[in-house]
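Novice: Read off the chains here:
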Amino acid sequence: MKKTSHILAVAALLASTVVANAETLKWARAGDALTLDPHSQNEGPSHTMRHQMYEPLIIRDTSGAFVPTLATDWAPKADNPNVWVFNLRQGVKFHDGADFTAEDVVFSFERAKQPNSDMKELIGSITAVRAVGDHTVEIETDGPNPILPSNLTNLFMMDKGWTEANNTVNVQDFEGGEITFATTNVNGTGAYRLVSREPDVKTVMVRNEEYWGRNDFPMEVSEIVYTPIQNAATRVAALLSGEINFLQDMPVQDLARVDGADGLTVKQAPQNRVIFFGMNQGANDLEADNVDGKNPLADVRVRKAMSMAINRDAIRQVVMRGQSQPAGMIAPPFVNGWTAAMDGESSTDLEGAKALMAEAGYGDGFSIRLDCPNDRYINDEAICQAAVGMLGQIGITVNLDAIPKAQHFPKITDSKTDFYMLGWGVPTYDSEYIFNFLVHGRESDIGTWNGTGFNNADINAKIKSLASNTDLDARNADIAAIWRVVQDEQLYIPIHHQVLNWGMSEGVGIEVDPEDQPRVKYFTMN
Amino acid sequence: MLPFILKRVFQSILVLVVTGAIAFSMFTFVGDPIDNMLGQERTMEDVERLRTQLGLDRPVPVQYFKFLNEAAKGNFGVSYRQGREVSEIIMERAPATLELAALSAIFAVVMGIALGVFTAIRRDGFAANFIMSASLIGVSLPTFLIGILLIYLFSVELGWLPSFGRGEVTQIGGWTTGFLTESGLKALILPAITLGLYQMTLIMRLVRSEMLEVLRQDYIRFARARGLSNRVINYRHALKNTMVPVITVIGLQLGAIIAFAIITETVFQWPGLGLLFINAIQFVDIPVMAAYLMMISVMFVVINLLVDILYAFIDPRLRVSAK
Amino acid sequence: MTDQPLSAQNETQSAPPSRLRRALDSDLYYAFRRSPVAMVSAAVSLLLILSAVFAPLIATTNPFDPTSLNLMNGFTPPMTPNAFTGESFLLGTDDQGRDVFSTILYGMRISLFVGFSAVLFAVILGIFLGLLAGYFGGWIDSFIMRTADVQLTFPSILVAMLIFGIAKGITPIEHRDQMAIWVLILAIGLSDWVQFARVVRGATLVEKNKDYVSAARLIGRRPSAIMLRHILPNILSPVLVIATISLALAIIAEATLSFLGVGAPPTQPSLGTLIRIGQGYLFSGEWWILFFPACTLLALALSVNMLGDWLRDVLNPRLK
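Residue numbers (my numbering), protein chains in the order written: chain A, 1 to 526; chain B, 1 to 323; chain C, 1 to 320.
Hints may be right or wrong, so weigh each one.
[Claimed, not checked] Keeping only pairs whose Cα atoms sit at most 27 Å apart, straight-line, the calculated DSSO-like set for lysine-lysine is: (1) Lys186/B x Lys26/A; (2) Lys416/A x Lys405/A; (3) Lys186/B x Lys202/A; (4) Lys77/A x Lys26/A; (5) Lys120/A x Lys464/A; (6) Lys354/A x Lys294/A.
[To be verified] Facing chain A, from chain B, some residues (calculated, C-beta under 7 Å): (7) Val214; (8) Gln217; (9) Thr266.
[What the hints assert, rightly or not] Listed next, the stretches of chain C that the computed footprint assigns to chain A, with coverage defined by at least 3 CB atoms under 8 Å from CB atoms of chain A: (10) 72-85; (11) 94-105; (12) 264-277; (13) 283-290.
Treat the hints as calculated values from the structure; they're not laboratory data. Cβ atoms here follow ideal geometry from the backbone N, Cα and C, with glycine treated the same way.
Just chain A, same shape as in the assembly (with noise of 0.2 Å):
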């Protein structure tokens, strides 16, 4: 408390004395950040959150494509592919003052490394880290990762002396409950500084006007008020009232409303995640249908006659009301492994579906329950709704269960159910990530995201083989051939990728990111 008033002193002042061009970005969102230890909880909106205060090697543009950032330039070592050598930027300063060196980045990488690390999954094949000189540092893997800056860009940097000085070298026990200083205070390199912060109400951060961009960037925004708003009725009244300028996470049908609104325009741009239904193909017989003895999801025809059921046009045009791209596969276009060909190859064909049904023995059709949140894609229970309308139209009776993520999500990863919603988001831009959680058969560590009981042994070993492969066209060769095995499985059924949009007053200038991490630095303020 006493700390906070500290601050809160601090900020009486700061804002008195940055009057000169002071420009508020009031924000808001349905969800707050986690916590701000920047190692603590990989989850969206937290890093959202620190990427406006801490910064990583590098990062993507709107496009996917790699930005320096702490870093200048990296490449593989010449004479040793296990180790990628980073070039760091030079004359930055941590918001306290100090200067950012190779032995930070060594200190940031082994703390990402610890077991209370939620970051360490995406690090795992780092056996060393090594300061040569104050400003490179090498990166040594167990073995050729050619994609491993891919894995930085959410991989924060903190300063060795604060962190050590202030007794929080330890990466926070979030499921334990623990709070260290770094869940609640903020030293980085980044172009905001924390103000104040409340969880759940509200975060205030000001301008780092010390920041290395601090010319190079538009960083026209001196504070930032960011505050989540759970109900979206209220969100939008929000944005249309003026009490925000900048709103993420819009119900699509309010778009031209707010677009239509004075002062007011709505941006978008096609989502780096993938909405899909999932069938449990693997169980002899399933616990939610209506037919006793046998499983209608093994037969890959009713597979494929429920994917044909499906009018992703329609969906696409009244439940996302156009914010939707159908999908015929379930890697995103930005991901390396994603083609045209494969994301057109749903169609829908109710006469060939019927044909299909009738063929696999089930023409009367059969009854099944489709798990869905209701809470965490957008419109997420309308479109199971719709698609329980669609199914109908087979034979296929389907009950609904449409509740919260957090009761959802067990569902899968406990094998809970026979039918699902799901979606999935590739910060790698790499088919990998999705093999390993979605396709590779469920073991403890792999797989743990496939609900659909499907365990190839080749397909698994392939896909094991894709982490140390440097033969990249050899690699990309083996990706293609694992998604076509997943296209003729029929392994998912998917509807659509979604399309971001963001709200805001006309006075912001901001692209919309792929990722849905927006970074203040980058913004315009008329």
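With chain A fixed as given, assemble chains B and C onto it according to the hints.
Specialist: Below, chains B and C alone, put in the same frame as chain A:
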């Protein structure tokens, strides 16, 4: 008198233990916190490690006993969602809810009594009938819809009042208040009306019927016959005598206001205890849910206890029959 | 509510129950004929209840049959042909292409079913426990009234969530769809019985010390007979009043629970679920999805409330 009070106190404690058990057992059904806490990239080992760490692998009665034991010391553990002491979070959020509830209660009581008296005195007048009918419309719509309609009218269309949050708050010791700034006061208006509307109607109707009742008592007729002015009769005699049941109901409704703040706080993104509770349900944040339920229980039980004791003082007949 | 003039007491008690009921009926009927408010609200309630009961005959489509829906009909404004399908609907369609008029009729059916069942459940439970508590006193009374305290401790929302969770754990999967409605009934009913029990207990406490009850006890009537034959008829008026108002409250409580996501499933929406869905379209111009269900709910709750109000005025002779 003392044995009676002691007995009630003992019963109340028993009630709390039972309530706690019910509240606690509900958590085993709401969902698994592990999934929320670990996110998509977790492994089975992570899950097992965490389950043991949180004590979720132990039988529910054991978990409950531990919970009660700690709760008695005011220690509800650490929030899974925020990673902070639950008691600390509750202390931080309580001012928002208490200020909102207080203002709603004042609104409900003042308006309720005023309108109740008015509609009783002008029993068949047009205005009184209109107020009675309008109040019925108020209780015939769900609270969340009233809140959203108020936002639509006063924030979006007219732009007079804010649609969410507390506005600017001032920190006084451990307490944050919205009463000292203009934006803070403005932010209070819509949620307070939304929350207090139902209670206001209730109080208004109660005052009206109690007033009507009292007004036909003999002593009022005598007072009238003695030539006392209507004002004196209405306020000094009639209103005063309606107050006992009204105060009882107000006492009970205060607890209800805090409990039903859940809905208002969700609609207005009011950073209080109700919103905290709804968040806790979404994230299956068991310690926070448990603490909230226990807190509400304690509040209701204490109010009930006070009302019981009050009754005993007022009406000896009930004390005897309830022995 | 507790003390009735002694003369009235003797009068009503000396008459056999059937005549008493007839007298009450005719009294009510007389007052009813004299009150335009009562007649209008009764007519509206009756109209709404009947149209809900006969929904399958009145509605143009069956919105609960997913195969009959065409998603492309979604968001059609009232009495305007749909841009894709050319179909037109009296009150428009909702986000799933359901005819709003038909959906309201079917939804009202569910709301009323939940409301009536919940109140019935609360009345039976409340009267039973209230009589027990009031008549026997002692530890039975303490136990029941302390349970009532526990009950009051939990707002209906929390009770519903609790019951929902438990029910989910124990119902077989194929019955889950129907479960939501029974859970609502149970949850609303459970949070409502307390006020019946309190009223009944209070009245019983007063009545049981009266001479006629002592007399009945003296001539050896069993407690159950005394409670049912002698005490119960005297407390029916307040119970009837509370029950009517509770019906309106139950319908609204159902809507609130739906808002918090513990209500009727979206594939078989109640009025409350429709309003929850509709409120999302308040800003986007599809006003009919919210407006018509909200008006229906308002008309229903309002007419029932006014009827309850009128009943209270009539049945409480002291206010005449």
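Novice: With reference to the structure, classify each hint as holding or not holding.
Specialist: Taking the hints in turn, this is what the structure says about them:
{"no.": "1", "hint": "Lys186/B x Lys26/A", "in the structure": "holds, 18 Å"}
{"no.": "2", "hint": "Lys416/A x Lys405/A", "in the structure": "holds, 14 Å"}
{"no.": "3", "hint": "Lys186/B x Lys202/A", "in the structure": "holds, 18 Å"}
{"no.": "4", "hint": "Lys77/A x Lys26/A", "in the structure": "violated, 45 Å"}
{"no.": "5", "hint": "Lys120/A x Lys464/A", "in the structure": "holds, 18 Å"}
{"no.": "6", "hint": "Lys354/A x Lys294/A", "in the structure": "holds, 19 Å"}
{"no.": "7", "hint": "Val214", "in the structure": "violated, 44 Å"}
{"no.": "8", "hint": "Gln217", "in the structure": "violated, 49 Å"}
{"no.": "9", "hint": "Thr266", "in the structure": "holds, 6 Å"}
{"no.": "10", "hint": "72-85", "in the structure": "holds (count 4)"}
{"no.": "11", "hint": "94-105", "in the structure": "holds (count 3)"}
{"no.": "12", "hint": "264-277", "in the structure": "holds (count 3)"}
{"no.": "13", "hint": "283-290", "in the structure": "holds (count 4)"}
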